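Line order of the protein sequences matches chains A and B.
In this note's numbering, each residue's number is its place in the first sequence (first place is 1) plus 27.
In this note's numbering, each residue's number is its place in the second sequence (first place is 1) plus 27.
I should point out that these hints are in silico values taken from the structure, not numbers from a laboratory.
As the structure is a prediction and not an experimental result, all values here were calculated from the model.
Be careful, since some hints might not be right.
One copy or two, it doesn't matter: identical chains are merged, so the pair holds either way.
Claimed, not checked - Straight-line distance between alpha carbons at most 30 angstroms, and here's what the computed DSSO-like set of lysine-lysine pairs gives:
hint, residue 1, residue 2
1, K58, K121
2, K58, K174
3, K174, K121
4, K81, K35
5, K44, K58
Protein chains: 2
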Amino acid sequence: MLSKNQLKYIQSLHQKKYRQQHGAFLVEGAKSVQEVLQSDFQTELVVATEAFYKENAPLIDRQRTPVEIASVADLERAGTLESNNAALAVVRTKENRPLLAELAEIALILDEIRDPGNLGTILRIADWYGVPKILCSETTADIYNPKVISASKGSFTRVSWWYGDVVEVLKQVQSDNVAAPPENQIAVYGAFLNGGDVHTLPFRKSGYLVMGNESNGIRAEVAKYVTQRVTIPRYGGAESLNVGIATAVLLDNIRRVTSPN
Amino acid sequence: MLSKNQLKYIQSLHQKKYRQQHGAFLVEGAKSVQEVLQSDFQTELVVATEAFYKENAPLIDRQRTPVEIASVADLERAGTLESNNAALAVVRTKENRPLLAELAEIALILDEIRDPGNLGTILRIADWYGVPKILCSETTADIYNPKVISASKGSFTRVSWWYGDVVEVLKQVQSDNVAAPPENQIAVYGAFLNGGDVHTLPFRKSGYLVMGNESNGIRAEVAKYVTQRVTIPRYGGAESLNVGIATAVLLDNIRRVTSPN
Chain A
28 MLSKNQLKYI
38 QSLHQKKYRQ
48 QHGAFLVEGA
58 KSVQEVLQSD
68 FQTELVVATE
78 AFYKENAPLI
88 DRQRTPVEIA
98 SVADLERAGT
108 LESNNAALAV
118 VRTKENRPLL
128 AELAEIALIL
138 DEIRDPGNLG
148 TILRIADWYG
158 VPKILCSETT
168 ADIYNPKVIS
178 ASKGSFTRVS
188 WWYGDVVEVL
198 KQVQSDNVAA
208 PPENQIAVYG
218 AFLNGGDVHT
228 LPFRKSGYLV
238 MGNESNGIRA
248 EVAKYVTQRV
258 TIPRYGGAES
268 LNVGIATAVL
278 LDNIRRVTSP
288 N
Chain B
28 MLSKNQLKYI
38 QSLHQKKYRQ
48 QHGAFLVEGA
58 KSVQEVLQSD
68 FQTELVVATE
78 AFYKENAPLI
88 DRQRTPVEIA
98 SVADLERAGT
108 LESNNAALAV
118 VRTKENRPLL
128 AELAEIALIL
138 DEIRDPGNLG
148 TILRIADWYG
158 VPKILCSETT
168 ADIYNPKVIS
178 ASKGSFTRVS
188 WWYGDVVEVL
198 KQVQSDNVAA
208 PPENQIAVYG
218 AFLNGGDVHT
228 LPFRKSGYLV
238 MGNESNGIRA
248 EVAKYVTQRV
258 TIPRYGGAES
268 LNVGIATAVL
278 LDNIRRVTSP
288 N
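Using the sequences provided together with the hints, build the complete structure.
Laid out in structure tokens, this is it:
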């Protein structure tokens with residue numbers, strides 16, 4: 028059974044401030060908890076219904092993770108999901124380690140993506156397209172937000188991310204490119220409404236794809252490092268596409284050209 | 028000012044039963060109300076803040092639409108949005124007229140899309156890709172649901188839809204195809220996890236794209252009329268893509284091949 032202190036601790040992790048203070052975050056629902064238990068994340072505590080525990084005991088016990096059995100009502104009180112009849116896990120956050128796109132790799136740069144649902148969707152898309160590194164501006168929503176984790180449908184266990192000064196990263200990419208032979212240069216693609224048509228552009232195998240804020244797009248100080256503006260051609264009347272949708276279509280176009288098959 | 032009866036009437040339109048009974052639905056927020064006033068939909072009533080009315084009077088008065096001035100609090104009480112500091116409109120639903128894909132046209136068939144957010148996103152995507160006809164199974168979410176209208180970001184004014192027996196439509200397409208010369212045959216593409224790679228498939232200019240339920244995909248009785256199963260290649264670990272995302276990527280691939288440029 029959950030103690031009052033455990034309940035209070037878990038509820039505190041709804042908020043970024045306490046996630047940072049405790050170095051922990053919440054993973055909720057059957058599928059996501061199963062995925063995190065099979066990942067390299069370290070799980071502090073699993074709160075589970077008796078039924079979920081019985082079905083998943085080998086997975087939970089393998090890591091000697093402490094378990095509390097709880098009712099559905101307690102699970103829902105502790106967590107953020109409207110309905111959760113399975114489990115939640117308290118998981119250690121990872122160290123914020125710098126990430127860079129390697130040669131023959133595409134990485135994402137997110138410049139002020141504010142909506143947690145969009146960010147979670149982008150993690151799932153990055154995972155589908157085999158884009159394992161996501162660099163986030165400090166103003167991007169917190170990936171450890173329970174809404175992001177939940178919308179990512181387990182993909183948060185298979186992609187890596189870093190929060191920091193993306194302008195500094197891009198400055199470094201630019202100066203490295205000056206010194207590098209053409210075949211080792213790293214492209215910086217950025218999503219704009221007035222760029223090159225992604226249906227006809229050639230794409231390099233090595234590069235960053237920069238996606239900007241839902242309302243304002245990519246900031247000017249980031250845009251100046253973009254080496255190729257890219258645009259999804261429009262055939263109808265809608266003014267724009269949602270940033271998650273645009274990320275998927277752009278990665279699909281990049282992957283079609285750069286993948287080995 | 029809104030009367031009690033007006034408030035009650037508007038609130039009743041949150042529910043499908045009353046939308047059908049009254050033949051009316053809600054459009055909320057500045058942008059969507061402006062779009063609907065410029066469309067061929069017939070608006071019964073606009074409820075607006077004084078500021079919104081002042082800015083948009085020519086648009087509202089042009090159609091002699093009755094207007095009630097209301098406070099933000101009243102707007103939010105009447106409508107479904109958490110915040111709405113502009114306006115809502117009560118709009119007449121359209122007749123449910125059958126739609127068919129013409130030659131050299133791609134139309135969507137939605138087979139049990141249940142989530143209103145997904146459906147609204149799909150309207151916006153269809154609008155972006157110039158796919159103006161959407162055929163919905165009777166079990167697909169109601170397009171007039173305020174969440175769908177809101178998620179479509181005004182695109183509901185530029186696409187047409189029909190609710191009915193999509194199996195019957197597909198049966199007819201199949202029998203018409205038997206009698207037609209090859210260049211006039213209509214393809215039926217369906218999104219599956221085990222279909223042809225959309226990066227290499229040729230696409231016909233005339234066809235339907237069938238998208239299935241969020242959990243169960245396309246029903247067997249619909250699947251049997253699919254002439255070409257299509258799949259978005261996966262490069263990473265995610266099990267699936269959201270149905271809205273998949274619709275966008277598929278239409279992007281179809282449009283790249285079938286568009287005149």
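Practice task
Just pull the numbers of the violated hints for me, sorted ascending.
Solution key: No numbers; nothing is violated.
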